[in-house]
Amino acid sequence: MISLAGRDILHSWGKFVLTGLGLGLLIGVTLTMAGVYRGMVDDAEVLIDNSGADLWVVQKDTLGPYAESSSIPDDVYRGILGMPGVAQAANVTYLTMQVRHGNTDVRAMVVGFEPGEPGEPGYLIAGRRIVRSHYEAVADAATGFRLGEKIRIRRHAFTVVGLTRRMVSSGGDPMVFIPLKDAQEAQFLKDNDAIVNNRARTAANPALNRPGVPGLLDAIDASQTSNHNVNAVLVRVADGGSPDAVAQAIRRWKHLQAYTRAQMENILIAKLIATAAKQIGMFLAILAVVSAAIVAFIIYTMTLGKIREIAVLKLIGTHNRTIAGMILQQALGLGLIGFVVGKIAATIWGPAFPKYVLLLPGDALRGFLIVMAVCVLASTLAIRAALKVDPATAIGG
Amino acid sequence: MAQPEGILIEGLSKRYGAGDTAVDALKEVNMQVAPGEVVGLIGPSGSGKTTLLKCLGAVIEPTRGRMTLGGEAIYDDGWKISDLRVLRRDRIGFVFQAPYLIPFLDVTDNVALLPMLAGRSNAESRARALELLTALDVAHRAQAQPSELSGGEQQRVSIARALANRPPVILADEPTAPLDSERALAVMSILNQMARQYQTAIIVVTHDEKIIPTFKRIYHIRDGRTVEEAGEGRG
Amino acid sequence: MKPTLIRRAGFILAGAALLAAFAWVATRSGPFAPIKVTVTRVAKGTVAPTLFGIGTVEARRAYLIGPTAAGRVARVLVDVGDAVKTGQLLATMDPVDLDQRLASAAAAAERGHSAVATARAQAADAKSRQALAASEAARYVDLGKKHFVSQSVVDAKLQQAQSADAQLAAAESALASARQDLARLTAERGAARQQRDNLRLQSPVDAVVTSRDAEPGSTVIAGQSVLKLEDSASLWVTVRLDQGRSAGLRVGLPADIVLRSSPGKTLPGRVVRIEPVSDSVTEERIAEVAFDKLPRGVSTNEMADVTVRLPSVAAALIVPNAALRSRGAQAGVWLYADGRLRFTPVKTGAAGADGKTQIVAGSSLKAGDEVVVYSERDLQEDSRIKVVAALVGPPAAP
Chain A
1 MISLAGRDIL HSWGKFVLTG LGLGLLIGVT LTMAGVYRGM VDDAEVLIDN SGADLWVVQK
61 DTLGPYAESS SIPDDVYRGI LGMPGVAQAA NVTYLTMQVR HGNTDVRAMV VGFEPGEPGE
121 PGYLIAGRRI VRSHYEAVAD AATGFRLGEK IRIRRHAFTV VGLTRRMVSS GGDPMVFIPL
181 KDAQEAQFLK DNDAIVNNRA RTAANPALNR PGVPGLLDAI DASQTSNHNV NAVLVRVADG
241 GSPDAVAQAI RRWKHLQAYT RAQMENILIA KLIATAAKQI GMFLAILAVV SAAIVAFIIY
301 TMTLGKIREI AVLKLIGTHN RTIAGMILQQ ALGLGLIGFV VGKIAATIWG PAFPKYVLLL
361 PGDALRGFLI VMAVCVLAST LAIRAALKVD PATAIGG
Chain B
1001 MAQPEGILIE GLSKRYGAGD TAVDALKEVN MQVAPGEVVG LIGPSGSGKT TLLKCLGAVI
1061 EPTRGRMTLG GEAIYDDGWK ISDLRVLRRD RIGFVFQAPY LIPFLDVTDN VALLPMLAGR
1121 SNAESRARAL ELLTALDVAH RAQAQPSELS GGEQQRVSIA RALANRPPVI LADEPTAPLD
1181 SERALAVMSI LNQMARQYQT AIIVVTHDEK IIPTFKRIYH IRDGRTVEEA GEGRG
Chain C
2001 MKPTLIRRAG FILAGAALLA AFAWVATRSG PFAPIKVTVT RVAKGTVAPT LFGIGTVEAR
2061 RAYLIGPTAA GRVARVLVDV GDAVKTGQLL ATMDPVDLDQ RLASAAAAAE RGHSAVATAR
2121 AQAADAKSRQ ALAASEAARY VDLGKKHFVS QSVVDAKLQQ AQSADAQLAA AESALASARQ
2181 DLARLTAERG AARQQRDNLR LQSPVDAVVT SRDAEPGSTV IAGQSVLKLE DSASLWVTVR
2241 LDQGRSAGLR VGLPADIVLR SSPGKTLPGR VVRIEPVSDS VTEERIAEVA FDKLPRGVST
2301 NEMADVTVRL PSVAAALIVP NAALRSRGAQ AGVWLYADGR LRFTPVKTGA AGADGKTQIV
2361 AGSSLKAGDE VVVYSERDLQ EDSRIKVVAA LVGPPAAP
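Chains A, B and C, in that order, give the protein sequences.
FYI, in the working numbering the residues of the first sequence are 1 to 397.
FYI, in the working numbering the residues of the second sequence are 1001 to 1235.
FYI, in the working numbering the residues of the third sequence are 2001 to 2398.
Hints are computed from structural coordinates only; laboratory data are not their basis.
Honestly, I wouldn't trust all of these hints.
[Unchecked claim] Label-pair distances were calculated between CB atoms; the ranges are:
no., chain 1, residue 1, chain 2, residue 2, range
1, C, S2364, A, A222, 28 to 38 Å
2, A, R152, C, S2262, 14 to 24 Å
3, C, S2312, A, S71, 40 to 50 Å
4, A, A207, C, V2392, 56 to 66 Å
5, C, V2392, A, R366, 42 to 52 Å
6, A, H156, C, Q2243, 45 to 55 Å
7, A, R152, C, S2312, 29 to 39 Å
[Claimed, not checked] Simulated coverage check for chain A against chain B, where a stretch passes if three residues somewhere in it have a Cβ under 8 Å from a Cβ of chain B:
no., stretch
8, 9-15
9, 306-314
Ideal placement from N, C-alpha and C gives every residue a C-beta, glycine not left out.
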């Protein structure tokens, strides 16, 4: 027995392939949307993994440092370092801001870190780590910066000495790592006009500007423009230690909030990404329905175009089963072509998206099964129409 | 054989509807065609011609009557053979007004399809198809697509298809309607030749005046009843 | 016959191409793909470590010029940016009544002179009278001895002589007193003059005026500055270095100074002092770096980037610092041997500004070992890797 479906496809292969391509692009969009969601979750996980921390110590009663802003003094880490079970504790600052490069701005998360401590990027893809204590930066490749370029962060110019990959904030903004002191200045020091105005305001205050106390005004100005805050302290727990126990101790004795890795994941994924996840979920559902409808329509139209042949086949003695099988096989073949095209398309255009698109094999498999199921369902409409055809219509009246 | 081959109909009746609105499309139709015979079935529209054709083609069941095909009983007063579809596949060949070839199968496969559906191997089916195509003088187009054939060639292929499963009867529905007299007579000549060669009973439904002289016997149908008449039989 | 075959062949080819693309997609990208890394060999070389800090140009010595008593500024003779010499008059305060008091003290001193003269004359007079009385007393004693005169006359003359002695003593002490008084008045006059002089603000050294804080007519209190001077030859850069990254800091190390105002020029200098007191709040050490040759047109409080060059470490085992990874709190490198990865803990020593880091002996790394430098992702012991030449294209053209 020859394959009727195969022969039909071979005969009008152009139409079939074009239809498969169109369906494939639709499926590709669906797979990409799923990849966008996975990418967002992966961004959050990568953020947590790359920081190299077991605990995040932040301002009390905040969800910081990623989900909410948090500000703690920069000498708190000394006390934490002395607690049992703590191997490393280091200050970090995070600030999402525009980094100027030539004539353009790039939105990036500027991270202030101490070299050799948690918060430093774990691996590089080019260049070297920061050696000097100021004005050097390591940037994520997604910023578009190249080695040796100078970028401006607030008042200072930094030289890009190293590049990393997949160092992004939970919002997908690429990271730029600079020494902690420079980051503190960038975050808390105001622009020149504001500083000058502040100085004038202080000088106009007779309680602060006392002629009998030389140097008082200068000291006050200096204290107002210096900054000693950071956003969080990252803690690495000693081998064999329990992060929960250390976190509990910090919360109790240090009047700070401490989050373990699991809690941080929950904050980022459940709270930060929840809305976006719902949005994408709805979009995926709509896409699935649209895809099903399109496949149904295509198969139905293809079947209707063969009504006469189906009547003849039925009349000359073809089993209903065979005819239904032909339609079903065509639907599945269309689905298969569409899925393959869609998967290839999604893989090719995925990296072009501004945010990370993660295409998991599990998702592809699920997508494949759904596409096949949709094709089967969609073909039932056409099969019903085909089975209803009266073979007698081949015999003219 | 003791049983007559070919096709035999006795008292075939078909009633549509019930009660006051019932319509008797066929009333006690009798017909008999022997193997190798080509008979004509002539009647105006509305005469029950199409209904008779559908009963002959095992597409619909009659309300009453008997029909025997190739010695096998098909209908017998309420009883019918179980699988009409298999009957259509194996025991009845169809030739339509238009060739109605399957466009996505090539010529050989169009003819070989029926034996394949009947369960024969692909090789055997194709061999038989080639044999028929040769007999009908279209073997040189065996690998072509139907769309590449001329109308006459397509018609011949459709006749080959009808013969593919060696059915005892072939029903031809207005096979010459779109043709001019030369081609029409050529088709009738082929049909007669095939009937003799394969000992098939052929019933040709037609109202084409050009070919009426070719029949030896003609059945006229009017108001659901048939009347047999002898034809000129010019073959 | 041919078209169908061609068509079938074409379809099969397209299908195969599609499947091949699919397979490529599955293995090349996504989580199944191997991680691309670059490797390099550990070699021996020289590490040139440096210390980097941000500095401010400051003057070694700065002076606040102001009055020692509250007063009103009378004149200010110089302005910001003027170069002044030692002793040059910079400003004067309003003397108020000091001039009159000086005149009064002068007059008093003059009067003291007169008083001394008077006392001297009186002393001379007393002396002459005492001399006379003494000679008369001696003569009368002599006469008394010869009984020419009565004893009472002799006594009277003796008494006169004593009285004249006493008067001489009194006159002499009056003279001394007048002299002391003169000294006192002269000192008072000197004090008044000194106070008057204090109203003249003079430059203690050759310097440059950096600030003019009070204008003529303003009232200032004692100690408030009217002008600020800086010894312009004593400019140096006060550098702040991270405590954690200042190992090896010593006086005498060479340094490169780059002023913010002229970022293209590197000025040579030397570390001349390290502050004994560091900043515990900012966790920085403070050092002073002097210019080898003082540049012109430099202003104080100007920012400078200072790189102190530590002595090179030769024949050191070097890895690029991008190869350093950490597992937990342990620093190390990923050793690539026999196609497998192994995390090797290392201890690092000096680090050069170009990223080359010394590996201290004692780690199990040897010259010639291959280590992973760049990787697309974090590595584990069982990661599938693929060694490539580079992960990104060449850096931006300068």
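Exercise. Go through the numbered hints given earlier and state which of them the structure violates, listing their numbers in rising order.
Key: 1, 5, 6
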